[in-house]
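There are 2 protein chains.
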Amino acid sequence: MRIERLAVVGVGLIGGSFAAALRRAGIVDHVVGIGRGRGNLDDALRLGIVDEITNEPTSGVRDADFVLLAMPVGQMGAVMEAIGPVLAPHASVTDAGSTKRDVVTGAYLHLRSALDRFVPAHPIAGSEKTGAAAASATLFVDRKVILTPLPENSAHAIACVRDAWLACGARVTQMNADEHDRTLGAVSHLPHLLAFALVDLIAGRPDAERLFGLAAGGFRDFTRIASSSPEMWRDICLANRDALRGVLVDYRQRLDEVGRMLENADAAALEQLLTRARDARDAWLRGSGNGSNPGHR
Amino acid sequence: MRIERLAVVGVGLIGGSFAAALRRAGIVDHVVGIGRGRGNLDDALRLGIVDEITNEPTSGVRDADFVLLAMPVGQMGAVMEAIGPVLAPHASVTDAGSTKRDVVTGAYLHLRSALDRFVPAHPIAGSEKTGAAAASATLFVDRKVILTPLPENSAHAIACVRDAWLACGARVTQMNADEHDRTLGAVSHLPHLLAFALVDLIAGRPDAERLFGLAAGGFRDFTRIASSSPEMWRDICLANRDALRGVLVDYRQRLDEVGRMLENADAAALEQLLTRARDARDAWLRGSGNGSNPGHR
Chain U
0 MRIERLAVVG
10 VGLIGGSFAA
20 ALRRAGIVDH
30 VVGIGRGRGN
40 LDDALRLGIV
50 DEITNEPTSG
60 VRDADFVLLA
70 MPVGQMGAVM
80 EAIGPVLAPH
90 ASVTDAGSTK
100 RDVVTGAYLH
110 LRSALDRFVP
120 AHPIAGSEKT
130 GAAAASATLF
140 VDRKVILTPL
150 PENSAHAIAC
160 VRDAWLACGA
170 RVTQMNADEH
180 DRTLGAVSHL
190 PHLLAFALVD
200 LIAGRPDAER
210 LFGLAAGGFR
220 DFTRIASSSP
230 EMWRDICLAN
240 RDALRGVLVD
250 YRQRLDEVGR
260 MLENADAAAL
270 EQLLTRARDA
280 RDAWLRGSGN
290 GSNPGHR
Chain B
0 MRIERLAVVG
10 VGLIGGSFAA
20 ALRRAGIVDH
30 VVGIGRGRGN
40 LDDALRLGIV
50 DEITNEPTSG
60 VRDADFVLLA
70 MPVGQMGAVM
80 EAIGPVLAPH
90 ASVTDAGSTK
100 RDVVTGAYLH
110 LRSALDRFVP
120 AHPIAGSEKT
130 GAAAASATLF
140 VDRKVILTPL
150 PENSAHAIAC
160 VRDAWLACGA
170 RVTQMNADEH
180 DRTLGAVSHL
190 PHLLAFALVD
200 LIAGRPDAER
210 LFGLAAGGFR
220 DFTRIASSSP
230 EMWRDICLAN
240 RDALRGVLVD
250 YRQRLDEVGR
260 MLENADAAAL
270 EQLLTRARDA
280 RDAWLRGSGN
290 GSNPGHR
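Going down the list, the protein sequences come from chains U and B. Residues 0 to 296 (numbering that gives the first Met the number 0) make up the first sequence, in order. Residues 0 to 296 (numbering that gives the first Met the number 0) make up the second sequence, in order.
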């Protein structure tokens, strides 16, 4: 594939890495960076990630044959509304949001004129670092990218979006938005909430200082994701609150069972649970290559 | 201090590292390794961690002036009962169990003749690796060791045990066994249970394969402790089940609150919780040095 003019709305870690990866793959001629923060856009320009910068989505995406929406999800509706009328008929559009049902809903509300061309995507990659300065042409190598195409999508647009993510080195899979949100709710959003909740519980105790004083490596790894951006995770949790509430209910039931095992000192049941979990995790590590170099989140 | 004859019951990662550290500090003359597994004892002998090996606690600790109990906690009572009558009057004894109320109870039941000399301890250090072959003379450097002395302890025994752990490079603190178990219940045992429970929940789903297929780095770190030994954690959870049940109730209440925030789409409350947690964790990382090189568990 060949992209003559790539427009990236939101040149942060994800948007900047996408541009850098496609440039590295040698398939993009010109990159327009669109954003709100001048300092970050200047970084992107100085680092050679983009060739041109603007604060205006409307003018920025005009004449682009490929558009990535990678700004914070809170801006999704407004940006979709602004760019819908000016998107080129041959443009392909994708996004990088962590939740997909809300993005799909936003597209039906605000991007009706381009539903054939907007192919929602979620690259499962990231880092604690943010901004264009943290961008890397290899961020998506061997990472999974999930496409959740709309029935209205043209085969051409799906192929273009798939090829672009493949060109970034990603492994592209496909499912519907519901499946995506339920799955990520269980393996990503729930653990984030659980980690945040544990730290908050401990921090709120009168003896918090002593508790933190004896926390060690297990606690540190368990809670690493509680150092993530509160704003971003507030938005993800709310965007996916239906699926998240469902799996949270299941998890609380499981904790009730564990509570009963403790109450009854049921060593056999407890050992069975711990063994099942240990074995399942070890099998996952062996199978996924996640022991060595997984994407964050 | 000077130890003429050190007896280590259970020459695994912890016991072996204790012997290696004291030898490295140059304060021990002769080390007796006591254990059940011949292969592991042979390793310890071959690696120079111990000078002499035996399967018999009774003969092993005789004439020792310092004894460390570092076998699995399930053997604690039997070993205490065996060694109580033969411990030298001038010997100091400590242990390395992850829970302390059960060890203290065991001492009152089975070690009545040596309550002046047995100073319970918990070194907050470890690794996924096990056995004498994994032992390291630097395992305890800058790690916390918590002493939970008994009212019956002589000042001499407390000083000897403290000095030995200090000689290993550890930072020694002191609290009562109740405080210890409540604290570790919150910052170590609960996160272990939560991680095991999440993996088990996911593994038990009909769509487990897809769920694991999209689990990434956040899930991997959150669940690292779920690859720990099921037998060991079964024993820890049961030994500390009173404190653990208490903090589990608190945690489930916190999850109920989070559930209500999601139900009400209460963005402000959710962001407050996430921000409090993020700030508390970051402050802990800065204050503790746990960002770089913490002990495991």
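There may be inaccurate statements among the hints.
Remember, identical chains collapse to one label, so a pair may be satisfied in a single copy or spanning two.
[What the hints assert, rightly or not] With a Cα cut of at most 25 Å, we get these calculated SDA-like pairs of lysine to any residue:
id : residue 1 : residue 2
1  : Lys128    : Val85
2  : Lys128    : Pro71
3  : Lys128    : Gln271
4  : Lys143    : Arg1
5  : Lys128    : Gly286
These are computed hints drawn from the structure, not numbers from a lab.
Here is what the structure says about each hint:
1. Lys128 - Val85: Neither, since 33 Å and 59 Å both go past 25 Å.
2. Lys128 - Pro71: within (15 Å within a copy, 42 Å between copies)
3. Lys128 - Gln271: between (39 Å within a copy, 22 Å between copies)
4. Lys143 - Arg1: within (22 Å within a copy, 58 Å between copies)
5. Lys128 - Gly286: between (28 Å within a copy, 21 Å between copies)
Checked against the numbered hints above, the structure breaks only hint 1 and satisfies the rest.
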